[in-house]
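Order-wise, the sequence lines are chains A and B. Terminal number for the first sequence in our numbering: 316, no gaps in between. Terminal number for the second sequence in our numbering: 1091, no gaps in between.
Since the hints were derived computationally from the structure, they do not count as laboratory data. Just so you know, even glycine gets a beta-carbon here, dropped at the ideal spot from N, CA and C. Each hint should be verified, as a subset may be incorrect.
[Stated by the list, open to error] Anything over 12 angstroms on all C-beta distances counts as not near chain B; from chain A, calculated: (1) 58; (2) 79; (3) 139; (4) 216; (5) 230; (6) 244; (7) 299; (8) 308.
[Stated by the list, open to error] Over the 10 angstroms line for every Cβ pair with chain A, so calculated as not near, a few chain B residues: (9) 1015; (10) 1045; (11) 1046; (12) 1047; (13) 1048; (14) 1054; (15) 1060; (16) 1062; (17) 1065; (18) 1074; (19) 1076; (20) 1078.
[Stated by the list, open to error] Label pairs and their calculated CB-CB ranges: (21) B/1083 with A/34: 51 to 61 angstroms; (22) A/42 with B/1018: 27 to 37 angstroms; (23) B/1021 with A/88: 54 to 64 angstroms; (24) A/55 with B/1018: 49 to 59 angstroms.
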Amino acid sequence: MAEAAKTPVALLTGFLGSGKTTLLSRLLARPELGETAVIVNELGEVAIDHHLLRQVDERTVVLGNGCVCCTLRGDLADELRDLLGRRDRGEIPPFRRVVVETTGVADPAPIVYTLLSEPVVRHHFRLERVIATVDAVHGLRAPESVAQAAAADRLVVTKADLADAGALERELATLNPAADVLQSSFGDVEPDALLGGGERRLPEPTPSPADGRVHAGARAHCIVFDEPLDWAAFGVWLTMLLAARGSDVLRVKGLLDVGGAGPVLVNGVQHVVHPPLHLDAWPDDDRRSRLVFIGRALDGPALERSLAAFTRAAGR
Amino acid sequence: MCALCGVLLNDHWAEQEGGRRGRTLRVGLVNRVLSHYGLELGDWAGRVYVLRDRKGRATVVDNLGVVWTEAARLVGRPLDPLDPELVRALG
């Protein structure tokens, strides 16, 4: 199945008590979220009773806006296959998107791996984005929340009414410059800001490691290449880097100029790398290749020198 | 389950593009890197790779992700692309 025809899946992650369920409850009340299947950990925790239209079975409800909400019983791949089957049999309304809520201590990498590797799942679904909530009161309070924030494409600072959300917003922007950061109070956020939009421009290189904030040992490194990169060399280099230092690399995201009209989007969470995606166009006039690495014990200039050496070696 | 570099994926992410020519380019570059460690990679019918060391040991590997983990096993340490000596050797 072509990528564009696959059902997009958004992964909603965030540490315990960071406001995932509140955010989800508010989203489910919005008409824009119609035709969405939502997989949650516990149906009872999501405040949807007053929107409830129809109970399909003990674990599935269909909301007034056509949103299908079901409990994750065990394996995510089983749940997604089951949703497909029930949609095909007409047992639940058709849905155009899936939102998966993870548990608070979940490491996003295995979930991303499931979505990218399970044969039936990857044939019918594509991982659209990872959304992570971080609450303004507690911030990045554990290595798990740092890994979740690093894996995110959209970051939501929750409980913005209770603490200085601006400080956390700036902190998150330095940890994960590849993500858009939104603020939310009482779970209020515009669905389009969370689920809509395309790829954003990736940031300029950080001046030096000493200038970057370190979060539980992790920090972001941004590197830029003026000349087009050789895709074969990049693949060889990144696979070798992840094999040697995969446990230190929380995230890699990049828009690469490989000589085509648009860039190639590279996106990886720890060892798990999405298939390369050719975009039709660049987000702006700057067509230099940009890569963001978030990790521990990494050195931005060393990453740049090494990739440049691989690229030169491939050209000989 | 081993998530290392998509071992269980049907098509490794780094090998989905470029066809035969891309595969040849990748094998050529991988061999430039592996020569630094006394290893060599052969392409067997465009389907699997054969990794060899100078002691005559050989192992069959499915994809690029596994090449590096098997190479590390043969050498006895991880093969780090950021190693300044390797970067210098590549020029």
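Okay, the hints, checked on the actual structure:
Non-interface call for residue 58 of chain A relative to chain B: holds, since the shortest CB-CB distance, roughly 30 angstroms, exceeds 12 angstroms. A cut-off of 12 angstroms between C-beta atoms confirms that residue 79 of chain A is not in contact with chain B; the least separation is 17 angstroms. Distance to chain B confirms residue 139 of chain A as a non-interface residue, since its nearest Cβ pair spans about 28 angstroms, more than 12 angstroms. Listed as a non-interface residue, residue 216 of chain A keeps its Cβ farther than 12 angstroms from every Cβ of chain B; the least gap is roughly 21 angstroms.
For residue 230 of chain A, the requirement that its beta carbon stay farther than 12 angstroms from each beta carbon of chain B is not met, with the minimum near 8 angstroms. A cut-off of 12 angstroms between C-beta atoms contradicts the statement that residue 244 of chain A is not in contact with chain B; the least separation is 4 angstroms. Distance check on residue 299 of chain A: its Cβ comes as close as 7 angstroms (rounded) to a Cβ of chain B, failing to clear the 12 angstroms threshold; non-interface status is violated. A beta-carbon of chain B is positioned within 12 angstroms of the beta-carbon of residue 308 of chain A; the least distance is around 9 angstroms.
Non-interface call for residue 1015 of chain B relative to chain A: violated, since the shortest CB-CB distance, roughly 7 angstroms, does not exceed 10 angstroms. Listed as a non-interface residue, residue 1045 of chain B keeps its Cβ farther than 10 angstroms from every Cβ of chain A; the least gap is roughly 19 angstroms. At roughly 15 angstroms, the least C-beta separation between residue 1046 of chain B and chain A is larger than 10 angstroms, which holds for a residue marked as non-interface. Non-interface status of residue 1047 of chain B relative to chain A is upheld: no Cβ of that chain comes within 10 angstroms, the nearest being about 18 angstroms off.
Interface exclusion of residue 1048 of chain B from chain A stands, the closest Cβ pair being 16 angstroms apart, more than 10 angstroms. The beta carbon of residue 1054 of chain B sits about 20 angstroms from the closest Cβ of chain A, which is more than 10 angstroms, so the claim that it is off the interface holds. Residue-level check passed: residue 1060 of chain B sits 17 angstroms from the nearest beta carbon of chain A, beyond 10 angstroms. The Cβ of residue 1062 of chain B sits about 13 angstroms from the closest Cβ of chain A, beyond the 10 angstroms cut-off, so the non-interface label holds.
Listed as outside the interface, residue 1065 of chain B is inconsistent with that label: its C-beta sits roughly 5 angstroms from the nearest C-beta of chain A, within the 10 angstroms cut-off. For residue 1074 of chain B, the requirement that its beta carbon stay farther than 10 angstroms from each beta carbon of chain A is met, with the minimum near 13 angstroms. Even its closest Cβ contact with chain A, about 14 angstroms, leaves residue 1076 of chain B beyond 10 angstroms, as expected for a residue assigned away from the interface. At roughly 4 angstroms, the least C-beta separation between residue 1078 of chain B and chain A is not larger than 10 angstroms, which violates its mark as non-interface.
Between residue 1083 of chain B and residue 34 of chain A the Cβ separation comes to about 53 angstroms, which falls inside the hinted range of 51 to 61 angstroms. Residue 42 of chain A and residue 1018 of chain B have their C-beta atoms about 46 angstroms apart, which leaves the hinted 27 to 37 angstroms range violated. Range check, residue 1021 of chain B to residue 88 of chain A: Cβ separation about 40 angstroms, and the 54 to 64 angstroms hint is violated. Between residue 55 of chain A and residue 1018 of chain B the CB atoms are about 51 angstroms apart, so this pair conforms to the stated range of 49 to 59 angstroms.
Going through the hint list in order, the structure does not satisfy hints 5, 6, 7, 8, 9, 17, 20, 22 and 23.
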